[in-house]
Every structure is written in structure tokens, then in C-alpha cells.
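Q: Sequence:
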Amino acid sequence: MTDFAATKAMFDLPQGVLYLDGNSLGPLPRAAAARVQQAVTDEWGQLLITGWNKAGWMAQPSELGDRIGRLIGAEPGHVVTGDTLSIKVYQAVASALELTPGRKVVLSDNGNFPTDLYMVEGLLRSMGPDYELRVVAPEAVEAAITDEIAVLMLTEVDYRTGRKHDMAALTARAHAAGALTVWDLAHSAGALPVDLAGCDADFAVGCTYKYLNGGPGAPAFIYVAPRHADQVRPALSGWLGHQAPFAFDLDYRPGAGIERMRVGTPPVIQMAALSAALDVWDMADMADVRAKSIELTELFIAGVEAACPDLELASPRDPAQRGSQVSFRFAEGYAAMQALIARGVIGDFRAPDIMRFGFTPLFIDAGDVKAAVAIIADVMQNRLWDNPEYKTRARVT
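The sequence shown begins at 300 in the working numbering and counts up one residue at a time.
Wrong hints could be hidden among the right ones.
Unchecked claim - Ranges between beta-carbon positions, derived for each pair:
1. D494 to L346: 36 to 44 angstroms
2. A439 to G516: 31 to 39 angstroms
3. S536 to P375: 19 to 27 angstroms
4. D494 to R552: 30 to 38 angstroms
5. E611 to A641: 17 to 25 angstroms
6. R682 to G315: 39 to 47 angstroms
7. V695 to V435: 26 to 34 angstroms
8. L346 to S536: 40 to 48 angstroms
9. P313 to A606: 40 to 48 angstroms
10. P313 to G427: 47 to 55 angstroms
11. D685 to A333: 40 to 48 angstroms
12. Q337 to A304: 22 to 30 angstroms
13. D617 to A546: 32 to 40 angstroms
14. R329 to P375: 24 to 32 angstroms
Unchecked claim - As a list, the in silico DMTMM-like pairs of lysine to aspartate or glutamate whose alpha-carbon atoms are at most 25 angstroms apart:
15. K353 to E342
16. K307 to D609
17. K690 to D578
18. K669 to E597
19. K690 to D587
20. K690 to E611
21. K403 to E594
22. K307 to D365
23. K403 to D365
24. K690 to E597
25. K690 to D677
26. K353 to D578
27. K690 to D664
28. K403 to D341
29. K307 to D685
30. K353 to D302
31. K669 to E594
32. K307 to E342
33. K403 to E342
34. K307 to E611
35. K669 to D578
Hints in this document: simulated from the structure, not taken from any laboratory.
From the three backbone atoms N, C-alpha and C, an ideal C-beta is built for every residue, glycine too.
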């Protein structure tokens, strides 16, 4: 069984802070600073350019990919890290479209994270006026999967409410209609068990700075199913996805399997921080994480609803239907969240009225949840949010 007391001790959490925003940016693993210092001083500083070979920098994207792959049910050798999530969305959708010739519709839902939709809009504009991004309500997705659809692109867990799509069922429905799937795991990886291989997913992408705790700007990852890995032709044909990067050929030849989905130079220093974060995840079992997450979110919902009638649950009540976050609706949600942050309970706000709280059992326990509920009750019952200083919106909400 996962020892969550041991994992909590591996994070450097500020004194007096109840951090319920690991679904947006994970906290600092204690070992990350030393690992980054090593990469900077011992590797970059002493090895200089020889670090690409001697420190293994060039192999890190695939090595880290396999460590992430364990958490998302991927076959070994089919996940690679690098670049940003937006770039990986573009790569995955472009590759899926090429594998479905004759079809020109990408289907998504209006609960998807906007940047995914923006990236697909830009991609389809470059492909011509006949291509379409079709966006429906989350509950209408299954019925909208017709033989027109080339690619079904969904975020498994809704970033606002935590509502969870049924990956296995929707992937099977897409395949029955002749479509391919691209799953965004930004709010799934490290939050709940994912079984990409078992669900027969085609492509998946995700970030590592949320539940995986890789730090701000940590690299993204991409998964390609084995049946597609040697067929896809990356639309973004970067030199590190080339079969022989240091041959410096003028013509692109894709690398073997998942290696072809690499694009630019890997972020070595950021990968050092991610490696330290994954050391903590190496101690955890995702089934244990999920069970503890449900326990904590149920405790939180019960406490908040008992004490704060002004807050309306926006997340699914059934824990099987949500990820590892709980969201409440409140018209003055931004101000209320700022009042909470001022008192040491850190969550975040998503327009127009969502107060969002994330639960990562690696560093959150029942005592933290009860303490957070007491502060939320104080802020709401005594209208502590009704202060002009809490209503001026910062650039990041």
C-alpha cells in the first residue's frame, strides 16, 4: 500500500498553507532543487556540451516518458516528453487526421480546455476550408460520433468541473464509426488510474506540471499506440524526431516509433525537476491514489455543503464520474477565492463562477481537508470575501 505520510514528507510545502491547487501547479518536491542544482552545476557547468552524452540528456525524454507511461497505462516505449501541451495537441491531431483520409471533421466538446480547441482551429485553417471543428455539449458527444468524424479529441477530465468522460466507451464508439481518438490527460495523469492500452486509445497528450509536480513550464508528453507508432508522419518534423539527427540530412526521415514525435531540443533543466517529482510517483500505486482521492473529496464536499449553503456543487456528485478536483459555483467566486488564499487556503478560480479545489493524496490528508473546510466556512458565513481588495482581478486567476 502507498505510504502517503512518506510521500507528503517529500514535498516542500510552505508553513501555514493548505495547498488545494495541485491540479493547476504541483508543489515543489524536496529533492527537486538539489536535482536541478546538479544539472546546472555538475552537468552543464562541468560537462558542458559533453553532457548530452555523459549525463544522458538526449535519452531523458524517452526515459521520463516510460515513467509517466506507468501512470497512464501505456505500453513501454510509447510515451515521450518534450515541448508544450499545445504542441503535442497539434502533433496528435494532425497525425490522426492523416491516418483518416477522406474525413474532415474533428469532434470535441465545450468542456474542453480552450487551448486544445484553439490549436485545432489553427491546424484546420491551414488545411483548407473543407475542414471543420465540431463542438458539442459533453453529454452529446457519443451521439455526435458519426461516420463524418475523423478524430474525436477530448479532455478526459473537465478542467472546470472535474466531470470525467468514459474513455473506454467513447473510444470504442469512435472506432466503430471509423474515427481515431486523441485524449488530453492534463487533469488525469497522476489524478486517477488511466488505461490507455486497455481502452485501445490511439493518441494521448498531457502536461507534467499539474498532478505530476514537474514545476512551472515542465515538459508535456505524447502517447502513440503501437499500431500507429511507425506509420504516423509528424506535421511538426523537428530535427530530434529525425531518424538520424546528427547526419544533418536536408530531407526529413522520421525516427523509429515514438521517437518521431520529438520536435525540439529537450528542456534539460526542467527535466531534472520532473525526474525528482517522478521519484515520488515511483512510490505510489494509482489505485491507492484514487481510493484516497475519493475519500478526501467526499469529506470535503460533505463539510463544505454542511457549512456553506451559498456554494453550489458544480462537480458530479458521484465520485466515479469526476476526477480529483471539486468545484463549487458562487457568483462572487473570484473574491471568495482571494479571501481564502489570504487565509492560507489556496485553490483557484475559473470563469465565470467556479471555485476550484484539487486533491492530491501524495501531500494532502484528511486533517488538511478539515482545516480547509473550517476556513472556507469562516470566509463564507462571515462574508469575508466582500472586500474591494479581493475583487480586483489579477492576470492569473
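Q: Each of the hints needs a verdict: does it hold here or not?
A: Now for the hints, and whether the structure bears them out:
| no. | hint | verdict |
| --- | --- | --- |
| 1 | D494 to L346: 36 to 44 angstroms | 39 angstroms, holds |
| 2 | A439 to G516: 31 to 39 angstroms | 35 angstroms, holds |
| 3 | S536 to P375: 19 to 27 angstroms | 25 angstroms, holds |
| 4 | D494 to R552: 30 to 38 angstroms | 33 angstroms, holds |
| 5 | E611 to A641: 17 to 25 angstroms | 23 angstroms, holds |
| 6 | R682 to G315: 39 to 47 angstroms | 23 angstroms, violated |
| 7 | V695 to V435: 26 to 34 angstroms | 30 angstroms, holds |
| 8 | L346 to S536: 40 to 48 angstroms | 29 angstroms, violated |
| 9 | P313 to A606: 40 to 48 angstroms | 25 angstroms, violated |
| 10 | P313 to G427: 47 to 55 angstroms | 51 angstroms, holds |
| 11 | D685 to A333: 40 to 48 angstroms | 44 angstroms, holds |
| 12 | Q337 to A304: 22 to 30 angstroms | 27 angstroms, holds |
| 13 | D617 to A546: 32 to 40 angstroms | 54 angstroms, violated |
| 14 | R329 to P375: 24 to 32 angstroms | 29 angstroms, holds |
| 15 | K353 to E342 | 9 angstroms, holds |
| 16 | K307 to D609 | 32 angstroms, violated |
| 17 | K690 to D578 | 40 angstroms, violated |
| 18 | K669 to E597 | 11 angstroms, holds |
| 19 | K690 to D587 | 39 angstroms, violated |
| 20 | K690 to E611 | 20 angstroms, holds |
| 21 | K403 to E594 | 43 angstroms, violated |
| 22 | K307 to D365 | 24 angstroms, holds |
| 23 | K403 to D365 | 33 angstroms, violated |
| 24 | K690 to E597 | 30 angstroms, violated |
| 25 | K690 to D677 | 18 angstroms, holds |
| 26 | K353 to D578 | 21 angstroms, holds |
| 27 | K690 to D664 | 30 angstroms, violated |
| 28 | K403 to D341 | 50 angstroms, violated |
| 29 | K307 to D685 | 34 angstroms, violated |
| 30 | K353 to D302 | 35 angstroms, violated |
| 31 | K669 to E594 | 12 angstroms, holds |
| 32 | K307 to E342 | 29 angstroms, violated |
| 33 | K403 to E342 | 47 angstroms, violated |
| 34 | K307 to E611 | 30 angstroms, violated |
| 35 | K669 to D578 | 28 angstroms, violated |
Violated hints for the displayed structure, listed by number in ascending order: 6, 8, 9, 13, 16, 17, 19, 21, 23, 24, 27, 28, 29, 30, 32, 33, 34 and 35.
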